[in-house]
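Trainee: So you can see what is in the structure, the chains are spelled out below.
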Amino acid sequence: MVKTLFYIEDPVINQTLYEVSDPEIPVLSIMDMGIVRDVKVDGKKIDIKITPTYSGCPAMDTIAVDIKKALEEKGFSVDVELVLAPAWTTDWITPSGRKKLEDYGIATPLEKSMDKRALFDGERIVKCPQCQSHNTIMVSQFGSTACKALFKCEDCLEPFDYFKCLK
Amino acid sequence: MSNQKLYQYLLLLGDNSLILGHRLSELCGHGPSLETDIALTNMSLDLYGQVRSYFQYAAKIKGDNSTEDSVAFLRTEREYHNSILVEQENKDFAHVIVRQFFFDVYHNLLLDKLKSSKDEIIAAIAHKSIKESDYHLRFSSQWVRRLGGGTVISHEKTQAAVTHLYPFIHELVSPIPIEKEMQELGIGINPDDLRDEYFNQVQEVLNEVNLEYAELKERFARGKTGIHTEQLGYILGELQYMQRAYPNMQW
Numbered sequence: 001m002v003k004t005l006f007y008i009e010d011p012v013i014n015q016t017l018y019e020v021s022d023p024e025i026p027v028l029s030i031m032d033m034g035i036v037r038d039v040k041v042d043g044k045k046i047d048i049k050i051t052p053t054y055s056g057c058p059a060m061d062t063i064a065v066d067i068k069k070a071l072e073e074k075g076f077s078v079d080v081e082l083v084l085a086p087a088w089t090t091d092w093i094t095p096s097g098r099k100k101l102e103d104y105g106i107a108t109p110l111e112k113s114m115d116k117r118a119l120f121d122g123e124r125i126v127k128c129p130q131c132q133s134h135n136t137i138m139v140s141q142f143g144s145t146a147c148k149a150l151f152k153c154e155d156c157l158e159p160f161d162y163f164k165c166l167k
Numbered sequence: 168m169s170n171q172k173l174y175q176y177l178l179l180l181g182d183n184s185l186i187l188g189h190r191l192s193e194l195c196g197h198g199p200s201l202e203t204d205i206a207l208t209n210m211s212l213d214l215y216g217q218v219r220s221y222f223q224y225a226a227k228i229k230g231d232n233s234t235e236d237s238v239a240f241l242r243t244e245r246e247y248h249n250s251i252l253v254e255q256e257n258k259d260f261a262h263v264i265v266r267q268f269f270f271d272v273y274h275n276l277l278l279d280k281l282k283s284s285k286d287e288i289i290a291a292i293a294h295k296s297i298k299e300s301d302y303h304l305r306f307s308s309q310w311v312r313r314l315g316g317g318t319v320i321s322h323e324k325t326q327a328a329v330t331h332l333y334p335f336i337h338e339l340v341s342p343i344p345i346e347k348e349m350q351e352l353g354i355g356i357n358p359d360d361l362r363d364e365y366f367n368q369v370q371e372v373l374n375e376v377n378l379e380y381a382e383l384k385e386r387f388a389r390g391k392t393g394i395h396t397e398q399l400g401y402i403l404g405e406l407q408y409m410q411r412a413y414p415n416m417q418w
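Read top to bottom, the protein sequences are chains A and B.
Per my numbering, the very first residue in the first sequence carries number 1; after that it's consecutive.
Per my numbering, the very first residue in the second sequence carries number 168; after that it's consecutive.
Keep in mind that a hint or two might mislead.
[Stated by the list, open to error] Some, not all, of what chain B presents toward chain A, calculated at C-beta under 7 Å:
1) Glu202
2) Ala206
3) Asn209
4) Leu212
5) Tyr215
6) Gly216
7) Gln217
8) Lys282
9) Lys285
10) Ala291
11) His294
12) Phe306
Everything labelled a hint here was simulated from the structure, so no lab data went into it.
Just so you know, even glycine gets a beta-carbon here, dropped at the ideal spot from N, CA and C.
Only chain B is shown next, with the shape it has when bound in the complex (with noise of 0.2 Å):
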């Protein structure tokens, strides 16, 4: 296996980290409640935390002096590897609960079967960070139910963040030739693996608390080839600007 192809799966694994990290930092100082702001910034730090430890690692098998500064921030839009979903807005706290919630339940699936991996340091990483992701899931879990089982508005509000991020989550479990090809050497995972298990975990939050969901065909599935909505670039914007105006600054 060459290590380009190790190379962008770690960025297939980590950007989903980063560019979820991102928007839940945006949300800093903005929570709806003192509790509910501290939870979404230390989910935050959690991924931030794991996106180190990709890249670290990615940076180490690019070699030519990349750090993982230069392999989060010195890369153009077509060069990020996240679904979609991730990168989707804020807009209010239903959208941040329902996106966090439908990315939890992906994330334990895939980390819980990367502690497998033949690769050793994915391994580390996988059993370290779903510790983490399985915290997360029970937060944003529990709030779905409360927003969906809530008043009258709040279940509005959690539908109509259903409507919107729903027919993102095809792309998490729709494979791209590289995790395949991962499968294939015992290093990654085929998310095709993961649907039925995943599909079954989202409804059954859904269904309790009587939301609803269109079946759909699969599409949308482009982010973790590059192509975004025009929702990354304004992170990107920001993400990069302190790297692109000052190269190589630390604090």
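Next up, chain A with everything else stripped away, as it sits in the complex (with noise of 0.2 Å):
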């Protein structure tokens, strides 16, 4: 079983990690998408484990040395790392991130079966962020980012994001 969320013992690492975000996503923090793999602490020295959503998320890089600098801000050293095994799904997005993502406008990921439907039969389970109606349709298999597709809603004719599924 792979753990979506670990406890953080210490409340000033904790908050710092929570503070850094997706500079793509910015109202998502890194611990609500589910990217920080494994932190380990040994007196001031960390080892953080990060992976990445996409192979060729443009982000990474940003996040890992925003990652360094607000931890070394707060006195830390620390190494981050890179992971690609297990591979990143959307079902590591917590709660908490699955709400931000709502209230910013994102569409959040289906369940995978529904999300290939939604994505390429034409169904309209993809709720429209703005107004909840389910009477939205696929613009473009892909988005802004390599995580996105890009929807348009029926209702208020406002088009939106959806945070592709992936498993």
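Put the two chains together into one complex; each comes in its own frame, and the hints tell you how they fit.
Mentor: Okay, structure coming up:
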């Protein structure tokens, strides 16, 4: 069983990591994203493992630098390592993370089978984050970043991003 | 097994993604519609991401101050091991889609097998990459159907692309010695094992929209050994310019 969240004893480290966000989705902390996979603390020395959402995610380098910077400001020395296994899945986004995405205007990932229906057979099951209507259509399988697809609501007529489901 | 062999195999795996990623990146700002433009560049980004994983590993094995950049940018043409298919020029949207489709079918079959590689890093890259490549295949196979079954003109253009590119696909599933060796070690895949399934999947989609293809004998199987078409030279000219002009530059 892959752990989706773990407890970091030191409140300073915990709080600091919660304050580092994905530069492409600024409302979402990297902890909410589930990309921090392991934190080992040994005195003032911290080893952190992070995993990319998509192989080519250009935010990963920035995130690694941001983590280092944030924790070094608190007096720690930090090593950030990128790990590929196990591969990230949208299941690792925390409930509070999903809530933040919705509030920000990004529709959250569905269950896998539903996701494929929504993306490829035109079934209307993705909910508009603005007006909650299910009367939405996919405009493009690929969106503004690797992790998103582009949808439009046919009731409120607003376009919106949908966070693609990845399992 | 020597590290040199593993290094060679990683180049073989990574170079297809590098060169196809480059071809797709050329379309940035030139896609036929905003959505397809974004799609093609997103796919390029996924492929580049995969290449980085392969080449970071390759650089580590090679040692002597190698980096993912030196592996990607500082080889000569004959040291690139991508298949001839992926270096073919963009020409028009039909060519872009058909090339992508031919590669995606192969790539998915390959990654699915590589997931059980005895090399943990290759297995991890495969687990990660297949989630992306599966999505690419959905995109490209849908577009082959849409273009092939679309108007008279879209069918004609797609047929021209199939006629041009089909002869190159044999190479994908024709093994070279290093692939056989890697399979014996449980690290790699002999693409000959993918052959039947590959042609089944490709032909199923082509048949569905009446796109014709000629049965052919094995040929053009030389990109993987480093013998390329003229196309690769132009790609490398652009790909390597910055690193050659400003050695070790970073951004």
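Trainee: Next, verify each hint and record whether it holds.
Mentor: Going down the list of hints, with the structure as the test:
1. Hint on glutamate 202 (chain B) holds. Least Cβ distance to chain A is approximately 4 Å, under the 7 Å limit.
2. Taking 7 Å as the C-beta cut-off, the interface hint given for alanine 206 (chain B) holds, the closest approach to chain A being about 4 Å.
3. Restraint check, asparagine 209 (chain B) versus chain A: the minimum CB separation of about 4 Å is within 7 Å; hint holds.
4. Hint status for leucine 212 (chain B): holds, given a least beta-carbon distance of 4 Å to chain A, under 7 Å.
5. Below 7 Å, beta-carbon pairs count as interface contacts, and tyrosine 215 (chain B) has one with chain A at about 5 Å; its hint therefore holds.
6. Interface restraint check: glycine 216 (chain B) against chain A, minimum CB-CB distance 3 Å, threshold 7 Å, status holds.
7. A cut of 7 Å between beta carbons decides the hint on glutamine 217 (chain B): the least distance to chain A is about 5 Å, and the hint holds.
8. Interface restraint check: lysine 282 (chain B) against chain A, minimum CB-CB distance 10 Å, threshold 7 Å, status violated.
9. Interface restraint check for lysine 285 (chain B): the shortest CB-CB distance to chain A comes to about 14 Å, outside 7 Å, so the restraint is violated.
10. A distance limit of 7 Å between C-beta atoms decides the matter here; for alanine 291 (chain B) the minimum to chain A is near 4 Å, and the interface restraint holds.
11. Hint status for histidine 294 (chain B) relative to chain A: holds, with the closest Cβ pair at about 5 Å, below 7 Å.
12. Hint status for phenylalanine 306 (chain B) relative to chain A: holds, with the closest Cβ pair at about 6 Å, below 7 Å.
Hint compliance for this structure: hints 8, 9 are broken, all remaining hints hold.
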